[in-house]
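Take the given structure of chain X and dock chain H to it, following the hints.
Protein chains: 2
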Amino acid sequence: MTYSEKLIASAAQVGNITCMGLDPQLEVLPFQDGDVRTVLNQFFQVLFRRMVLSGLIPAAFKPNIGYYQALDRPRDEDFSGSLALADVMDMVENFFPGIPIILDSKRGDIARSSLNYANEAFSLWGSDAVTVAPYMGSDSVRPFIDHTPLEKGVYILNRTSNPGGKDLQNLEISGSKGPSLLYQEVARQIISYNDNTGSVGAVVGATNMDELKDIATLYAERSVPMLIPGVGSQGGSAPSVMNALRKSGYPVELARINSSSGLTHPWKKGEAPEEWLKMCETSLRKLLEETKV
Amino acid sequence: MTYSEKLIASAAQVGNITCMGLDPQLEVLPFQDGDVRTVLNQFFQVLFRRMVLSGLIPAAFKPNIGYYQALDRPRDEDFSGSLALADVMDMVENFFPGIPIILDSKRGDIARSSLNYANEAFSLWGSDAVTVAPYMGSDSVRPFIDHTPLEKGVYILNRTSNPGGKDLQNLEISGSKGPSLLYQEVARQIISYNDNTGSVGAVVGATNMDELKDIATLYAERSVPMLIPGVGSQGGSAPSVMNALRKSGYPVELARINSSSGLTHPWKKGEAPEEWLKMCETSLRKLLEETKV
Chain X
1 MTYSEKLIAS
11 AAQVGNITCM
21 GLDPQLEVLP
31 FQDGDVRTVL
41 NQFFQVLFRR
51 MVLSGLIPAA
61 FKPNIGYYQA
71 LDRPRDEDFS
81 GSLALADVMD
91 MVENFFPGIP
101 IILDSKRGDI
111 ARSSLNYANE
121 AFSLWGSDAV
131 TVAPYMGSDS
141 VRPFIDHTPL
151 EKGVYILNRT
161 SNPGGKDLQN
171 LEISGSKGPS
181 LLYQEVARQI
191 ISYNDNTGSV
201 GAVVGATNMD
211 ELKDIATLYA
221 ERSVPMLIPG
231 VGSQGGSAPS
241 VMNALRKSGY
251 PVELARINSS
261 SGLTHPWKKG
271 EAPEEWLKMC
281 ETSLRKLLEE
291 TKV
Chain H
1001 MTYSEKLIAS
1011 AAQVGNITCM
1021 GLDPQLEVLP
1031 FQDGDVRTVL
1041 NQFFQVLFRR
1051 MVLSGLIPAA
1061 FKPNIGYYQA
1071 LDRPRDEDFS
1081 GSLALADVMD
1091 MVENFFPGIP
1101 IILDSKRGDI
1111 ARSSLNYANE
1121 AFSLWGSDAV
1131 TVAPYMGSDS
1141 VRPFIDHTPL
1151 EKGVYILNRT
1161 SNPGGKDLQN
1171 LEISGSKGPS
1181 LLYQEVARQI
1191 ISYNDNTGSV
1201 GAVVGATNMD
1211 ELKDIATLYA
1221 ERSVPMLIPG
1231 VGSQGGSAPS
1241 VMNALRKSGY
1251 PVELARINSS
1261 SGLTHPWKKG
1271 EAPEEWLKMC
1281 ETSLRKLLEE
1291 TKV
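Quick mapping for you: the protein sequence lines, in order, are chains X and H.
Note that the first sequence ends on residue 293 in my numbering; no numbers are left out.
Note that the second sequence ends on residue 1293 in my numbering; no numbers are left out.
Bound conformation, chain X alone (with noise of 0.2 Å):
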């Protein structure tokens, strides 16, 4: 099955386009006592099991895998983060059988590294996608590709959500067509490199619509699939975006809309709360509800 194939046949199976990002902070857990890795896997035992019980079922994770190796400790052998990770693909796969995982790590190296970096995260990591950043060029980025062709998913940072993102991603350049921004030409490079493949997607904050519909009508006829972060904590709303993206003629069974804390600590800071399982699943609802398919 090619990865397009598989974004269309998750979206279909659970009814939505939601991204859960599995992103952990230790210290709003709802479970406090043991190491890293028992709390986490209790924690998402607990949440995944809830969500099979209420058929609350995204249509794809993505575990930033910055957030587990942060709690590693490798100077002192200790690497409870990436076994935690490691434990959360386990589960993903045991409950949600079919629905993709996003590996969230952003890398990017010349080509004999960024190979490092692909059997990391395809081979090792076992994920069905990577996120990839795109500074590096043509052969930082192929590698990626061409690990698993069609059948792994590679989505290039394009227009971020994030507030600096507007520093190089919306410089002006000067093309042979005219003047553009650099996330148009990255957008550009990307159609070139998924080449109707619908392997090689996209990374585009939710945050500017206007930025979103442009990017969304250009990939609407070249199957590129879109990975939109930026719902919910960073501001953006998941009902213009579902609405940017049918405005735009774009395909939304090949998008995915992320969330991240704001499905697995909607109380955001502090001590969970009582009612955290019951928060998170009204939040999961909400979501699924919005990017309905």
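There may be inaccurate statements among the hints.
Said to hold, decoys possible - Computed Cβ-Cβ distance ranges for the label pairs, DEER-style:
(1) X/15 with H/1027: 45 to 51 Å
(2) X/126 with H/1054: 41 to 47 Å
(3) H/1179 with X/239: 38 to 44 Å
(4) X/126 with H/1235: 32 to 38 Å
(5) H/1172 with X/9: 39 to 45 Å
To be verified - In silico lysine-lysine, DSSO-like type, Cα no more than 30 Å apart, as pairs:
(6) H/1213 with H/1177
(7) H/1166 with X/166
(8) X/166 with H/1177
(9) H/1177 with X/177
(10) H/1268 with H/1278
(11) H/1166 with X/213
(12) H/1278 with H/1292
(13) X/177 with H/1166
(14) H/1269 with H/1292
(15) X/213 with X/247
(16) H/1213 with X/166
Keep in mind the hints are simulated off the structure, nothing from the lab.
Quick reminder that beta carbons are idealized off the backbone N, C-alpha and C, glycines included.
Using the frame of chain X, we list chain H on its own:
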């Protein structure tokens, strides 16, 4: 001691500005019996010991984290590669006190996630500096700079040595001060991040001398450290880099000229020859001589 003081002191201590990349490839190692961690340990022990005995000491070390993590098998709870990197860091600190370690991980994410990666590089791995990708802009770069201001170094990808580097980095942008190339704009941002502190530097490949001179001229009076990969196997030449730096009036003791496989396995491919240690010594002696300060 600030990072720039550390650069100056280590260059003075060893009399060169070589950075030795530590990117091991299992298949070319002279030791093949034993697990990943054991053979990497044996290799670097023997190599580092010989370097100390021969007085061949570079002015920085740069392990690329991907080469080690690619040897992990996280889904099988096997972190041999990362453990080997921890061993390498221990060995470098013990064999070569005072010599900075640059962790080459090319991270970059939204603010909170970048903070994870800054923690990873500086607190968890204990490196003196880290490489960072610029595409996501200021709030993605700042957590690295603000983590341990002045004390730790941050090298931002600027004009990279790989062939695809030009795909984005050499796009012409139209700025208020007339047209320039993207890497020149990134150089201006780096200067402003650095703000004469000497803790924020730039990765600039040794593969195009005109661009290198151009950038070194910008950095000459602003104490921007330069990390210059691409000599040796990537085709650049250390003497021409030294020449370009000096002609630009750049303070060479703030630069590090990196060679990786050219120093750790100059036989490049296949089984290590019997005289491997001698070959490493010869290559290293040559580069130290060429980068003498």
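30 Å limit on alpha-carbon distance, applied to hinted pair residue 1278 of chain H and residue 1292 of chain H: With a Cα-Cα distance of about 21 Å, the restraint between residue 1278 of chain H and residue 1292 of chain H holds, given a limit of 30 Å.
Agreement of residue 1213 of chain H and residue 1177 of chain H with the hint, judged by alpha carbon distance not exceeding 30 Å: OK: residue 1213 of chain H and residue 1177 of chain H at ~20 Å, within 30 Å.
Evaluate the given range 38 to 44 Å for the C-beta pair formed by residue 1179 of chain H and residue 239 of chain X. holds (41 Å)
Under the criterion that the straight-line Cα-Cα distance not exceed 30 Å, is the pair residue 1177 of chain H, residue 177 of chain X satisfied? The hint holds at about 22 Å.
Please test the hint of 41 to 47 Å on the beta carbon pair from residue 126 of chain X and residue 1054 of chain H. holds (44 Å)
30 Å limit on alpha-carbon distance, applied to hinted pair residue 166 of chain X and residue 1177 of chain H: holds (19 Å)
Please verify whether residue 213 of chain X and residue 247 of chain X have alpha carbons no more than 30 Å apart. holds (8 Å)
Decide if the proposed pair is consistent with the structure: residue 1213 of chain H and residue 166 of chain X, CA atoms, cutoff 30 Å inclusive. Given pair residue 1213 of chain H, residue 166 of chain X holds - Cα atoms ~28 Å apart, limit 30 Å.
Does residue 1166 of chain H pair with residue 213 of chain X here, judged by a C-alpha cut-off of 30 Å? holds (28 Å)
Within 30 Å, alpha carbon to alpha carbon, are residue 1268 of chain H and residue 1278 of chain H? Answer holds: residue 1268 of chain H to residue 1278 of chain H is near 14 Å, not above 30 Å.
Does the Cβ pair residue 126 of chain X, residue 1235 of chain H satisfy 32 to 38 Å? holds (36 Å)
Is 39 to 45 Å a correct range for the gap between the Cβ atoms of residue 1172 of chain H and residue 9 of chain X? At 43 Å between Cβs, range holds.
Of the hints listed earlier, there is not a single one the structure fails to meet.
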